[in-house]
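Visitor: Below, each chain spelled out in residue letters.
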Amino acid sequence: MVVPRPRTQAPPVVTTTGATEDPVSGRAARPSGSDHISSDPPGYRDGAKRLAILTPAAFSFGAAFGVLAGTEDFDPAAAIVMSATTFAGAAQFAAVTVLEDGGTVGAAVAAAVLLNLRYLAISIAIAPDFEGSRSRRFFESQMIVDESWAVSQVGHGRVDRKKLVGAGLVLFPFWIGGTMVGALAGDVVGDPARLGFDGALPALFLALLVLQLVDRRAKIAAVAGGAIALILIPITPPGVPVIAASAVCLWGLRKR
Amino acid sequence: MSSAWAVVVIVGACTIAFRAAGPVVLGGRALPPRLASAFELLAPSLLAALVVTQAVGSKDGIVLDTRLVGVAAGVVAILFRAPLIVVIVVAAAATALVRLV
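Taken in sequence, the protein lines are chains A and B.
Taking the working numbering, the leading residue of the first sequence gets 1, the next gets one more, and so forth.
Taking the working numbering, the leading residue of the second sequence gets 257, the next gets one more, and so forth.
These aren't lab readings, by the way, just hints derived from the structure by calculation.
If you're wondering where the values come from, they're calculated on a predicted model, not measured in any experiment.
Hints may be right or wrong, so weigh each one.
As the list claims (entries may be wrong) - Only part of the chain A face toward chain B is listed, based on derived beta-carbon distances under 7 Å: (1) Thr85; (2) Phe93; (3) Ala95; (4) Val109; (5) Ala110; (6) Tyr119; (7) Ala125; (8) Asp198; (9) Leu206; (10) Gln212; (11) Gly226; (12) Leu253.
A virtual CB, placed ideally from N, CA and C, is assigned to each residue, including glycine.
Kindly generate the complete structure, drawing on both the sequences and the hints.
Guide: Here it is in structure tokens:
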């Protein structure tokens, strides 16, 4: 089964190196599992190009995190190390906010770990798509973030690993760079909300969700996942709604 | 060790382990068919939950604000089958514009 693709291709995008490249035009989607040994050099670049538009957002949110972490006694170096290792906006904001509200280390850790638990589910689900040596798989797995996972979907729960890594790699330096600027130089970038980035993220996930609605099963899963999240938002700590939504997969375990 | 560093180290270690668990432990091995079939539902359910939490979620529960304008503009762009980049730009611009007025 061929995965549906957006009808239109992205216009040329300026890469991080400043070179303008042609969009990868009309390349057929990888039929699930059929070309296991994919020799696809543009894979990484393709992923990077798809998320290049988000680099200002990554920088801006990174800077906002740096400013937030820098306002209290959260060491600037700790903020930068956190961006380089945790590399997950929501969890980082949650952890710092809990600490600055006078919460304990345990409470801050719990909030952030809960938010990042979804990466465990994603990591197991897409494990078959990773190849190469153990250390290569380790480093490439660190590029799993919501956005990179979402844009590299090829259907049937699988991802194009190269696209995922390329997409993660293009966000990573901007996330850390933003954090450095925010933590060391203070509020010079401005509020990401003023630029509307917080409204763009749900739209991005929605656009990627639409591509996933290939059959009745997927549509039911999407409605169920969204409903679970909506019901849980007012009554659970952040992180729980998204994790709970992934429990929809349990329904998929039943025999068809 | 300050509490900030303790949080950074513990959260970082957990997150790195979460991400690495699948690819490092399971590697390129295929998942059992029933499990793989179940994980097919992860993308639609998780993406739908991310849409909802990013659009109306906050640490104080459900908050309806200008983000919804961005989502609405994004929906229009999606209906016109606009490329991803256009959906993002349109949604961000709509959110920012409404916030200006």
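Visitor: Hints first: check each against the structure and report whether it holds.
Guide: Now the hints, each set against the structure:
no. : hint   : verdict
1   : Thr85  : holds (3 Å)
2   : Phe93  : violated (9 Å)
3   : Ala95  : holds (5 Å)
4   : Val109 : holds (5 Å)
5   : Ala110 : violated (10 Å)
6   : Tyr119 : holds (4 Å)
7   : Ala125 : holds (4 Å)
8   : Asp198 : holds (5 Å)
9   : Leu206 : holds (5 Å)
10  : Gln212 : holds (5 Å)
11  : Gly226 : holds (4 Å)
12  : Leu253 : holds (5 Å)
Of the numbered hints stated above, those contradicted by the structure are hints 2 and 5, listed in ascending order.
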